[in-house]
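Engineer: Here the protein sequences come in this chain order: E and G. To convert, take the position in the first sequence, counting from 1, and add 22; that gives our numbering. To convert, take the position in the second sequence, counting from 1, and add 4; that gives our numbering.
Honestly, the hints are just simulated from the structure, not real lab data. There could be a bad hint or two in this list.
[As the list claims (entries may be wrong)] Short derived list, chain E residues pointing at chain G, Cβ under 10 Å:
1. Gln24
2. Asn29
3. Gly38
4. Thr48
5. Phe52
6. Tyr58
7. Ser74
8. Asp77
9. Gly105
[Stated by the list, open to error] Per label pair, the in silico range of CB-to-CB distance:
10. E:Gln130 - G:Gly65: 21 to 29 Å
11. E:Gly117 - G:Gly20: 22 to 30 Å
12. G:Pro12 - E:Ser91: 43 to 51 Å
13. G:Lys18 - E:Gln36: 20 to 28 Å
14. E:Gly117 - G:Glu56: 43 to 51 Å
15. E:Ser96 - G:Glu108: 37 to 45 Å
16. G:Pro12 - E:Met51: 20 to 28 Å
17. G:Ser87 - E:Gly38: 37 to 45 Å
18. E:Gly38 - G:Ser13: 31 to 39 Å
19. G:Thr86 - E:Ser91: 44 to 52 Å
20. E:Asn121 - G:Phe43: 19 to 27 Å
Here the structure is a predicted model, which is why all the values come from computation and not from measurement. Beta carbons: idealized from backbone N, C-alpha and C, even for Gly.
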Amino acid sequence: DQQVKQNSPSLSVQEGRISILNCDYTNSMFDYFLWYKKYPAEGPTFLISISSIKDKNEDGRFTVFLNKSAKHLSLHIVPSQPGDSAVYFCAAREGGGGNKLTFGTGTQLKVEL
Amino acid sequence: GAVVSQHPSRVICKSGTSVKIECRSLDFQATTMFWYRQFPKKSLMLMATSNEGSKATYEQGVEKDKFLINHASLTLSTLTVTSAHPEDSSFYICSARLAGVNNEQFFGPGTRLTVL
């Protein structure tokens, strides 16, 4: 049962344009969400997170939007740069101070010149 | 800060042998570390939660006798794949939890295990 889903396995965007990566979840107990970036043969690196009490969090070129009613979140990267090309995972954590992260299947982003 | 290392980065072994993978938090103490496994083009699947000084908590479907976890200190956790078989070939990633407001997890670079 995939509780966190990233339905687009890949996305291609031109340099300078906006990249929008989507993530849906089914578990209403999730209250904290994170986005990670991963290069091949490396571990994920943290990008940005959002608590369920917010609907938007921004950090430089990265903005995460959360729509709790739709159980949907998205990561916006603008402007996109070639170095952003990587696999992006969204992850979710249940409330109550638990540590377990549930990951989506990832979206391969390719930023083209 | 918050650097996590893994050793080895890549290992090839024969079927039936055991392989130990180390996960270290280099600049912080981690009471909790996590072990994940990633199959090609798949998500990271949590295998177990490793707590310093106590037994690890395994996720459903993960054989605790096959994947031995030891968290002997606040900076080191080890995963031993016992009697490895080709189906154990995978990318194993650890993470260490930095205690704080959001209990951030920092990931190691991963270990590619190939069992012949």
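Engineer: Hint by hint, where does the structure go against what was stated? Just the numbers, ascending.
Structural biologist: 2, 3, 4, 5, 7, 8, 9, 11, 13, 14, 15, 16 and 17
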